[in-house]
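Go by the hints and put chain B onto chain A.
Order-wise, the sequence lines are chains A and B. All residue numbers in the first sequence are consecutive under my numbering, ending with 388. All residue numbers in the second sequence are consecutive under my numbering, ending with 388.
It is worth saying that the hints were derived from the structure and are not from the lab. Ideal Cβ placement from N, Cα and C applies to all residues, glycine included. Only true hints are included.
On the chain A side, residues computed to face chain B include the following (Cβ under 10 Å):
1. 35
2. 74
3. 330
With a straight-line Cα cutoff of 20 Å, these simulated EDC-like cross-link-like pairs (lysine to aspartate or glutamate) come out:
4. B:82 with A:233
5. B:82 with A:220
6. A:82 with B:233
7. B:189 with B:385
8. A:189 with A:385
9. A:65 with A:12
10. A:65 with A:27
11. A:82 with B:355
12. B:82 with A:355
13. A:82 with B:220
14. B:82 with B:251
15. B:189 with B:199
16. B:189 with B:238
17. A:189 with A:220
18. B:65 with B:106
19. B:189 with B:233
20. B:189 with B:387
21. A:82 with A:67
There are 2 protein chains.
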Amino acid sequence: MSETSLIFPAAEFRARTERLQAQMAADGLNALLLTSAADVFYTTGFLTRFWESPARPWFIVIPAKGDPVAVIPSIGADLMQKTWIRTIRTWDAPDPRDDGITLLTETLAGLVPAGGRIGLPMGLETHLRMPLGDYQTLTTCLANRTFVDATACVHRVREIKSAAEIEKIRAICAIAGRAYARVPEFARKGRTHAEVFRDFQIALLAEGADWVSYVAGGADQDGYGDVISPAADQPLIEGDILMFDTGAVKDGYFCDYDRNYSVGPASSVARHAQEALWQATESTIATLRPGMRASDVHRLLTEGLARHGATASGGRLGHGLGITLTEWPSFTPLDSTPLRAGMVLTLEPGCYTRDGRILVHEENILLHEDRVELLSPRAPQHLPELDA
Amino acid sequence: MSETSLIFPAAEFRARTERLQAQMAADGLNALLLTSAADVFYTTGFLTRFWESPARPWFIVIPAKGDPVAVIPSIGADLMQKTWIRTIRTWDAPDPRDDGITLLTETLAGLVPAGGRIGLPMGLETHLRMPLGDYQTLTTCLANRTFVDATACVHRVREIKSAAEIEKIRAICAIAGRAYARVPEFARKGRTHAEVFRDFQIALLAEGADWVSYVAGGADQDGYGDVISPAADQPLIEGDILMFDTGAVKDGYFCDYDRNYSVGPASSVARHAQEALWQATESTIATLRPGMRASDVHRLLTEGLARHGATASGGRLGHGLGITLTEWPSFTPLDSTPLRAGMVLTLEPGCYTRDGRILVHEENILLHEDRVELLSPRAPQHLPELDA
Numbered sequence: 001m002s003e004t005s006l007i008f009p010a011a012e013f014r015a016r017t018e019r020l021q022a023q024m025a026a027d028g029l030n031a032l033l034l035t036s037a038a039d040v041f042y043t044t045g046f047l048t049r050f051w052e053s054p055a056r057p058w059f060i061v062i063p064a065k066g067d068p069v070a071v072i073p074s075i076g077a078d079l080m081q082k083t084w085i086r087t088i089r090t091w092d093a094p095d096p097r098d099d100g101i102t103l104l105t106e107t108l109a110g111l112v113p114a115g116g117r118i119g120l121p122m123g124l125e126t127h128l129r130m131p132l133g134d135y136q137t138l139t140t141c142l143a144n145r146t147f148v149d150a151t152a153c154v155h156r157v158r159e160i161k162s163a164a165e166i167e168k169i170r171a172i173c174a175i176a177g178r179a180y181a182r183v184p185e186f187a188r189k190g191r192t193h194a195e196v197f198r199d200f201q202i203a204l205l206a207e208g209a210d211w212v213s214y215v216a217g218g219a220d221q222d223g224y225g226d227v228i229s230p231a232a233d234q235p236l237i238e239g240d241i242l243m244f245d246t247g248a249v250k251d252g253y254f255c256d257y258d259r260n261y262s263v264g265p266a267s268s269v270a271r272h273a274q275e276a277l278w279q280a281t282e283s284t285i286a287t288l289r290p291g292m293r294a295s296d297v298h299r300l301l302t303e304g305l306a307r308h309g310a311t312a313s314g315g316r317l318g319h320g321l322g323i324t325l326t327e328w329p330s331f332t333p334l335d336s337t338p339l340r341a342g343m344v345l346t347l348e349p350g351c352y353t354r355d356g357r358i359l360v361h362e363e364n365i366l367l368h369e370d371r372v373e374l375l376s377p378r379a380p381q382h383l384p385e386l387d388a
Numbered sequence: 001m002s003e004t005s006l007i008f009p010a011a012e013f014r015a016r017t018e019r020l021q022a023q024m025a026a027d028g029l030n031a032l033l034l035t036s037a038a039d040v041f042y043t044t045g046f047l048t049r050f051w052e053s054p055a056r057p058w059f060i061v062i063p064a065k066g067d068p069v070a071v072i073p074s075i076g077a078d079l080m081q082k083t084w085i086r087t088i089r090t091w092d093a094p095d096p097r098d099d100g101i102t103l104l105t106e107t108l109a110g111l112v113p114a115g116g117r118i119g120l121p122m123g124l125e126t127h128l129r130m131p132l133g134d135y136q137t138l139t140t141c142l143a144n145r146t147f148v149d150a151t152a153c154v155h156r157v158r159e160i161k162s163a164a165e166i167e168k169i170r171a172i173c174a175i176a177g178r179a180y181a182r183v184p185e186f187a188r189k190g191r192t193h194a195e196v197f198r199d200f201q202i203a204l205l206a207e208g209a210d211w212v213s214y215v216a217g218g219a220d221q222d223g224y225g226d227v228i229s230p231a232a233d234q235p236l237i238e239g240d241i242l243m244f245d246t247g248a249v250k251d252g253y254f255c256d257y258d259r260n261y262s263v264g265p266a267s268s269v270a271r272h273a274q275e276a277l278w279q280a281t282e283s284t285i286a287t288l289r290p291g292m293r294a295s296d297v298h299r300l301l302t303e304g305l306a307r308h309g310a311t312a313s314g315g316r317l318g319h320g321l322g323i324t325l326t327e328w329p330s331f332t333p334l335d336s337t338p339l340r341a342g343m344v345l346t347l348e349p350g351c352y353t354r355d356g357r358i359l360v361h362e363e364n365i366l367l368h369e370d371r372v373e374l375l376s377p378r379a380p381q382h383l384p385e386l387d388a
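So that you can see chain A by itself, here it is in the shape it has in the complex (with noise of 0.2 Å):
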């Protein structure tokens, strides 16, 4: 019999490790000590919504050779112990007194010799989710190791998708797909922007997400000025364009790309926009390969718009994507991490309209050696109408 685990089979599991630790030779990692969901999930399968409770800190510690060692509060033993982890410590927590730093402290020098590197994430786009007290007590307690930055060690790893991670964001894409198609069916003139954000929410639910994470969106006459407000209580109107993004779930992996859609005739101005962002991702997806850098997406889809008579909005114009609604790399001038096959990744191309409004397209996309895949079903070239 193989060996299982939650979400996917044990081997998966196995497989990531030792990519890890291969990197952590590398990097000359005696031990990975790991806090995030995200982390978490990747390394374990655990998966549990349980960490929008901000009460207790979980601990997964990758050691030189060898299985992960987890260190959790007991609430969540029942569930570890479904997954491929045999080495589940645990404690009561919350615990004003000691908080499992004991523990930690205790599995760590096991694992990691005196004058060892444990490695954490301290870099751009992580956090540390422990009390930054309880951090600075197990310092203190392994003084006689070192605590470094392994921020290039994690991101190195996760960023390239296996196949049965690449099969769980197909899936949770298309589902999105058939949510987006469904809008019509909801959002018209007259109803309000909450009303729609609901129905829309539960339309993903209806085709298939676990949970739904993230959404947020805009509407207004020729774009809209933020992409990141929740839902207001005013009614759509003519002219408006209205756009979803989301972040759904299926088995802890997210989509992440949005939709627009025109309340009643498309203006001339809504209408240029979307067809510069529409021309500047065919393109980007047509010249898009591994050895470029994160900062050539940028400068491709910067480059597109402006070939159709648009300037790119400020910010970064895609990113990573897989455990979490957004991963590194960030597509912006800055970035020069470099792209290979294997990464899932999203063009987001914005463009101004008007009045400091703006539109902004997005697609999910996989990089292989030789071409790019969508996993999102490609947006309409022209802007859908809703009924006004």
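Just chain B, lined up with the frame of chain A:
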């Protein structure tokens, strides 16, 4: 015209700031540095699901006197301008060279004199939501200021809810109550856990939740093994006790309570556990008053269960509630936090049924000077029966 902000009038946020500043003065703090979604929302009204993206840090600085200062990624400027915050400093994030740290250093240096103290939450149930390496850079740049733990400062203020906050929690509790009442419409023998979890989330949205940040539960014969798992693909069978637990959100405020259902007639062991949980909650509601400590609630619930022949399950038996799924204090034997009028809390007794299985019961309450008010509609005394 009165000042407005998002979610509440500006006066609400001004009062919160003044309460924080009074506590800061008592604790000898020259500024407070806040990084978490909850603390940023609490002080500004800035509400977005964009926190789901780990890409960017967000900073709010509360000076000893005067209004808060936002130091945030430019992608959030439009939304922050809709709040009562007038000083908004932005940078283009993510920036691998300097992700807001120079801007934050300048802001803190301008508000805190040399030798001054900057507080930030470092204690139990807190995280620093920014890269650890950037925090280390910040403390180096401001080496002539001291960074100290401000967990108690923030907790003592946030744990007392205003009338406006209580109305928000009351509203989402009522929404969840209507969704729980609809469970017999879609949960019955033969439907899979995944199907009914999905339908429950749809019911929460349909009844008025803005979004559903948390749904967990379980279903097994006479009780369930854990309370944090996502749904499995197995069908409900006769004799299962189905439990749903949800943290649904309206205007940024959470409910957090569960409900149990029996698939077909409940066994005597399940009926006995339900009766003990219901009675222990009833007697605790009758007895709990300000002046008690968090540990007293654990004792009241444990003793109440024992009087009805049941043994309390491990872990905490309730906690605070508000703008995250769970807030401090924790109803454990170790938490000595004094309970005060204005606290919103959950009573969450659990007890063993058989073979390590448990039943968990939960209500949301508001502590008054002279009584406990239920915010969740009281659970039925006897287990509701689903079609089998």
